[in-house]
Amino acid sequence: MNLTTQDLPTTIAPNEFAHEISLTNLGNLRYETSFGELKLEALWGPAVSLGFVDVQTIGVATANGALCLLHTSYEPTESLLEVTGQILVSACADSESTRDKQ
Numbered sequence: 085m086n087l088t089t090q091d092l093p094t095t096i097a098p099n100e101f102a103h104e105i106s107l108t109n110l111g112n113l114r115y116e117t118s119f120g121e122l123k124l125e126a127l128w129g130p131a132v133s134l135g136f137v138d139v140q141t142i143g144v145a146t147a148n149g150a151l152c153l154l155h156t157s158y159e160p161t162e163s164l165l166e167v168t169g170q171i172l173v174s175a176c177a178d179s180e181s182t183r184d185k186q
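Residue numbers (this note's numbering): 85 to 186.
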């Protein structure tokens, strides 16, 4: 059997590397977003590759009120980023609705 470097971890220890997605979140970055005439409108990242086939990573960062998602993968799952965005928008709307009722 010829294994690539990307296949090796899941072949040796499949349960330890069994997951559907990795999420890394820098959170709400609190720093100045205006630099003279320039204004930071969004920050994309972090871009994280775990180096394995079938690993999907979503990097999240919020700057200047804009939440940005970045999908990193050797073999990206079609529409994963769009579906993740829809889930987050729905969760935020539900959270806002619950907060308004309190």
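Quick caveat, the hints were computed from the structure, so don't treat them as lab data. Do not rely on the hints blindly, as some may be mistaken.
[Unchecked claim] Simulated restraints, written as ranges between beta carbons of each label pair: (1) V167 with F136: 17 to 25 Å; (2) G120 with K185: 15 to 23 Å; (3) G129 with E166: 14 to 22 Å; (4) S118 with D138: 36 to 44 Å; (5) D184 with S118: 25 to 33 Å; (6) S163 with G129: 29 to 37 Å; (7) T182 with G111: 17 to 25 Å; (8) F119 with T146: 17 to 25 Å; (9) S106 with Q170: 15 to 23 Å; (10) V167 with F119: 32 to 40 Å; (11) A131 with A175: 21 to 29 Å; (12) N112 with K185: 18 to 26 Å; (13) R114 with G135: 29 to 37 Å.
Just so you know, even glycine gets a beta-carbon here, dropped at the ideal spot from N, CA and C.
These are the hints, each one checked on the structure:
1. Separation of V167 from F136 is about 21 Å and conforms to the stated range, judged on CB atoms against 17 to 25 Å.
2. Between G120 and K185 the C-beta distance comes to about 43 Å, which lies outside the given range of 15 to 23 Å.
3. Judged by the Cβ atoms, the range 14 to 22 Å given for G129 and E166 holds: they are separated by roughly 18 Å.
4. S118 and D138 have their C-beta atoms about 41 Å apart, which keeps the hinted 36 to 44 Å range intact.
5. For D184 and S118, the hinted distance range of 25 to 33 Å is satisfied, since their beta carbons lie about 31 Å from each other.
6. At roughly 21 Å, the beta carbons of S163 and G129 sit outside the given window of 29 to 37 Å.
7. Here the CB-CB span from T182 to G111 is close to 21 Å, well matched to the stated 17 to 25 Å.
8. Here the CB-CB span from F119 to T146 is close to 18 Å, well matched to the stated 17 to 25 Å.
9. Distance hint for S106 and Q170: a CB-CB separation of about 19 Å, consistent with the stated range 15 to 23 Å.
10. Here the CB-CB span from V167 to F119 is close to 34 Å, well matched to the stated 32 to 40 Å.
11. At about 23 Å, the beta-carbon gap between A131 and A175 stays in the expected band of 21 to 29 Å.
12. At roughly 24 Å, the beta carbons of N112 and K185 sit within the given window of 18 to 26 Å.
13. Checked against the hint of 29 to 37 Å, the C-beta distance between R114 and G135 comes to roughly 31 Å, which is consistent with it.
In this structure, the hints that do not hold are numbers 2 and 6, in rising order.
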